[in-house]
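Protein chains in written order, with our numbering: chain A, 8 to 210; chain B, 8 to 210; chain C, 8 to 210; chain D, 8 to 210; chain E, 8 to 210; chain F, 8 to 210.
Just so you know, the hints here were simulated from the structure itself, not pulled from any lab data.
Do not rely on the hints blindly, as some may be mistaken.
Just so you know, same-sequence chains aren't split out, so a pair can sit in one copy or run between any two.
Derived lysine-lysine pairs resembling DSS-like cross-links, with alpha carbons at most 25 angstroms apart [claimed, not checked]:
1) K181 / K103
2) K27 / K181
3) K185 / K15
4) K27 / K15
5) K185 / K144
6) K148 / K103
7) K185 / K103
8) K15 / K148
9) K103 / K27
10) K181 / K144
11) K148 / K27
12) K144 / K27
13) K103 / K144
14) K185 / K148
15) K148 / K181
16) K144 / K15
17) K15 / K103
Protein chains: 6
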Amino acid sequence: MASFDGPKFQMTDGSYVQTKAIDVGSSTDISPYLSLIREDSILNGNRAVIFDVYWDVAFLETGTKKSGWSLSSVKLSTRNLCLFLRLPNPFHDNLKDLYRFFASKFVTFVGVQIEEDLDLLRENHGLVIRNAIEVGKLAAKARGTLLLEYLGTRELAHRVLWSDLSRLDSIESKWEEKGSEDRLEAAAIEGWLIFNVWDQLSE
Amino acid sequence: MASFDGPKFQMTDGSYVQTKAIDVGSSTDISPYLSLIREDSILNGNRAVIFDVYWDVAFLETGTKKSGWSLSSVKLSTRNLCLFLRLPNPFHDNLKDLYRFFASKFVTFVGVQIEEDLDLLRENHGLVIRNAIEVGKLAAKARGTLLLEYLGTRELAHRVLWSDLSRLDSIESKWEEKGSEDRLEAAAIEGWLIFNVWDQLSE
Amino acid sequence: MASFDGPKFQMTDGSYVQTKAIDVGSSTDISPYLSLIREDSILNGNRAVIFDVYWDVAFLETGTKKSGWSLSSVKLSTRNLCLFLRLPNPFHDNLKDLYRFFASKFVTFVGVQIEEDLDLLRENHGLVIRNAIEVGKLAAKARGTLLLEYLGTRELAHRVLWSDLSRLDSIESKWEEKGSEDRLEAAAIEGWLIFNVWDQLSE
Amino acid sequence: MASFDGPKFQMTDGSYVQTKAIDVGSSTDISPYLSLIREDSILNGNRAVIFDVYWDVAFLETGTKKSGWSLSSVKLSTRNLCLFLRLPNPFHDNLKDLYRFFASKFVTFVGVQIEEDLDLLRENHGLVIRNAIEVGKLAAKARGTLLLEYLGTRELAHRVLWSDLSRLDSIESKWEEKGSEDRLEAAAIEGWLIFNVWDQLSE
Amino acid sequence: MASFDGPKFQMTDGSYVQTKAIDVGSSTDISPYLSLIREDSILNGNRAVIFDVYWDVAFLETGTKKSGWSLSSVKLSTRNLCLFLRLPNPFHDNLKDLYRFFASKFVTFVGVQIEEDLDLLRENHGLVIRNAIEVGKLAAKARGTLLLEYLGTRELAHRVLWSDLSRLDSIESKWEEKGSEDRLEAAAIEGWLIFNVWDQLSE
Amino acid sequence: MASFDGPKFQMTDGSYVQTKAIDVGSSTDISPYLSLIREDSILNGNRAVIFDVYWDVAFLETGTKKSGWSLSSVKLSTRNLCLFLRLPNPFHDNLKDLYRFFASKFVTFVGVQIEEDLDLLRENHGLVIRNAIEVGKLAAKARGTLLLEYLGTRELAHRVLWSDLSRLDSIESKWEEKGSEDRLEAAAIEGWLIFNVWDQLSE
């Protein structure tokens, strides 16, 4: 049965985020994990799913367009869960579940600096997120602080939540030297931070 | 004679929504049902028709465009009725009635997070809705609450109507385990909720 | 000699609208009727001509664009007149008169929810209206009521004029059962309503 | 020597507008007339030239684009002069003078409802007006009267100048029955009206 | 050695502008003149360079696009200098210096009604100005006078500086009768005027 | 081991910026230097990286598009470091590290007048900066001074920081006569200035 049996990380408020990292092969069934994300989002999280996407770059001839970027990984976070999917290249039919999940209107997909990502997802992969929100833009308007629109995850969280970010900084400042569990922890922390930013803004 | 003889669901205010789900074949005549929707909209609903659309994804080569999405179902709701049409692939000539219905200016088509849908309908199917409104955007302006623009159906209804949404949550959080009648009920509830959101906003 | 010798309909204020419905063939000369519309617009109507357009849909392959829509009819209304033109397919040279009429700056062309129409007219038929106005948008700003921008003809007229709309509702709610004279009456009523909305807004 | 030796029309303030209508052939030298327009604009008119353009429509196949419209005439007005150019089809090399005149930044080209015209001029003829202004938009903002943006020449002049427009109305309401001198007078009146609207707004 | 050894013109405040007009051939080295412009801009002019561009029109078939316009001359002005470059057709490799100069961020390029120019420069010549400013738009906002956005050089200067413009008017109203030195003087005056407009606005 | 062992320049506040200029060949490993930039940005600079890009122009036929510009150099600055990369043409696979660095959301990329640069980077090289900010636009809004949006680096720094810019002016006004170390110093000063502008604005 599907479960988030990867490492469990403690956040600065004492709560835990359960993670699951999956190397998606041609026969991997990711739908049970997506269902758990949706369930936690509906029952514990105001129907928000925090997402982030990661890209590979294939090299580009001068003058060619965006097609050099292909989606390599996806992160989905709720209050309690963090799912990290490493995607195959090219995609297999089982990724249709991911397409359908992103197209769903049951939940709101919340991200940071996602404008370019939404363009690339649509252009390069035909992937459409119908209900996506740029949380920084909302924060800037809600708080009347222009700057919030332009910040990355860490700085945005810093200015909205004022929580301790030293663990995140210590991993990300030495990224190349870190192993996969540290990197997963950073991903989980970032997802959890944005979940809490959204939670504060939507109160 | 055409009638909404599918399941009847009770809403939280005690009223009932009569439903009809149709598998549209090449010779199905959907126009009598569309006429009933229009009639109920004109006589009982300020000429609003709540709509939602559902998509199939065919797999996409890297770099190809939107054409991977095709319209699989359409939901149309009024105060008292909910019509759910499962569409064939490819479309047959009898779907021209649906095209004409959506192009009509007799009614206003009201939906949630429909921007992407309107684009895909036009691009992939040449389907044009001349009088469509994104209800969240209107709610955000009318109520002066920025956040309303970005929410899905459930959260939007929650913040405008404050009605009991536990039945909807219980179905949608366990979507994969639910049968077609439960899913039809969720569709009917969502349509009814947005009808009431619109009704409040347009008073 | 050209005259509006079709049915004459009484409006709710007691005035009459004279109508003319024409099946435009390859040798029909529509210019005298257009001249009468312009003359009434200049002499009795602040140089406004209310217009509406109606579309046929030819079936569309998945992935094809807008070209499935072709203009089938045009309605032009002034304070006293209503001209309804049923157009041939394809167009003949005598329709150039209609193109020139729509391109004229002598009058302002006033319509409801016309954004999609203007796009389709230009894209599919190369027809350009140089001086067109979306009356709902203007009403919304002039009255400070956001909602007016999003309504159809009937609801817009209802909220600006507060006149009795039962005749219109009774025809449009049973549209399929109505004959061509009833439908022409509904067209005349809608044109007259928007003329009066414009008249109130432009005072 | 070039002179405006066409009919001279009296305006409602007693002043006269001198006109010149030219059928531009392949060897017609229009540059002396353009120079006189520029000179009057610089010396007597705050460097404004009022312009209007007129189009021929060639018939269009369904689905083809804007190319059906070609520029047939141009009107240029200053305080005292009105030049009306009937253009050949296709254009000859001597029309380069007109292209250069329109591209000049010495003067401001002022028109009513010109957005579509500017698009068509650029798309269909490569003609660029670098310093053009839509006078209705400016009037709407300057006077705080939203409606002014959407009006044609006559109604705009009516609401800004309140001058007697009966002569214009009498010609334009019976346009088909009028001869070329009456039509030239209407063109001269319209140019003079917009000159005065601009003059009032730019004070 | 490069020097501005063309005519020296006195401005209305008594100061002089030194000019240089160059017919750029395939082996002309324009870089020393560009360096002098940059130096004067940095040392005496708040790093502003006033620019204007002039176009030739090659004749256009109906339906063809912008490519009929090619850049024929460029004017660059600072507080004390005015450089007028007449460009060859086609361009030679030595014009790369001009491309690099315009792409520089060391200075701000200031112009009047330049929107169309920037488009044509990019479309027809691949020439990019990374730091360009439309001075009329800025003046309109800074002074709260809407009209300033729409004016040409002379009228803009008139309303911001109130200096004596009779010399400029006398040249430009009789443009065809003027020789090249008079025209160079008009170019120098216009550059100097906009320099002073910018100088006032940036205080 | 990678270190910033190029010239060290003293800024006007007494602090030093350590530089490194690299001619990137096909086997140069730039990733350690990018890691140091990121580390300094995270630990000492609010996760901001100041960037600037430099272009080569290959000559353009009339009518061809942007492809004439290719990226020749990149500058990356933090509080203490300045990295200057001279890029090969065409690019080698080792530049993927630069693409990934620019696509990262760990930091915010801050630049001046970068709109054209972002377009060219994407169009000509497929290079995407997901989290970029135009600092002048932010400064204009934050300070309520419209003009700041339109200035270059030097003028922007002048009006926000009021620091002594004579060293920068003396290099840039005589750019052609300066050697590579002076030019590197100017690059370092400009990066340091914008870092401080950002630092002030983000407080």
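Could you place K148 and K181 in one of the four classes (within, between, both, neither) given a Cα distance threshold of 25 angstroms? neither (33 angstroms within a copy, 35 angstroms between copies)
Please sort K185 with K103 into within, between, both or neither, judging by C-alpha distance up to 25 angstroms. Answer is between; shortest inter-copy Cα gap is 20 angstroms, intra-copy 32 angstroms.
Intra/inter-copy verdict for K185 and K15 if alpha-carbon distance must be at most 25 angstroms: within (18 angstroms within a copy, 30 angstroms between copies)
Status of K148 relative to K185 across identical chains (alpha carbons, at most 25 angstroms): neither (36 angstroms within a copy, 39 angstroms between copies)
Intra- versus inter-copy proximity for K15 and K27 (alpha-carbon distance at most 25 angstroms): Close inside one copy (9 angstroms), not across copies (41 angstroms); limit 25 angstroms.
Are the CA atoms of K181 and K144 at most 25 angstroms apart within a copy, between copies, both, or neither? Cα proximity of K181 and K144: none, with 29 angstroms in one copy and 32 angstroms across.
Between copies, within a copy, both or neither: which fits K181 and K103 at Cα up to 25 angstroms? between (36 angstroms within a copy, 19 angstroms between copies)
Should K27 paired with K181 be assigned to within, between, both, or neither, using CA atoms and 25 angstroms as the limit? So K27 and K181 pass the 25 angstroms test inside a copy (23 angstroms) and across (20 angstroms) alike.
When Cα atoms must be at most 25 angstroms apart, do K148 and K27 count as within-copy, between-copy, both, or neither? Classified as neither; 34 angstroms inside a copy, 40 angstroms across copies.
If the cut is 25 angstroms between Cα atoms, do K15 and K103 qualify within a copy, between copies, both or neither? Answer is neither; intra-copy 28 angstroms and inter-copy 33 angstroms both fail.
Indicate which option fits the pair K144, K27 if close means a Cα-Cα distance not exceeding 25 angstroms: within, between, both or neither. neither (29 angstroms within a copy, 36 angstroms between copies)
Are the CA atoms of K148 and K103 at most 25 angstroms apart within a copy, between copies, both, or neither? Classified as neither: same-chain Cα gap 35 angstroms, cross-chain 36 angstroms, threshold 25 angstroms.
Hint check: violations occur at hints 5, 6, 8, 10, 11, 12, 13, 14, 15, 16, 17; the rest are consistent with the structure.
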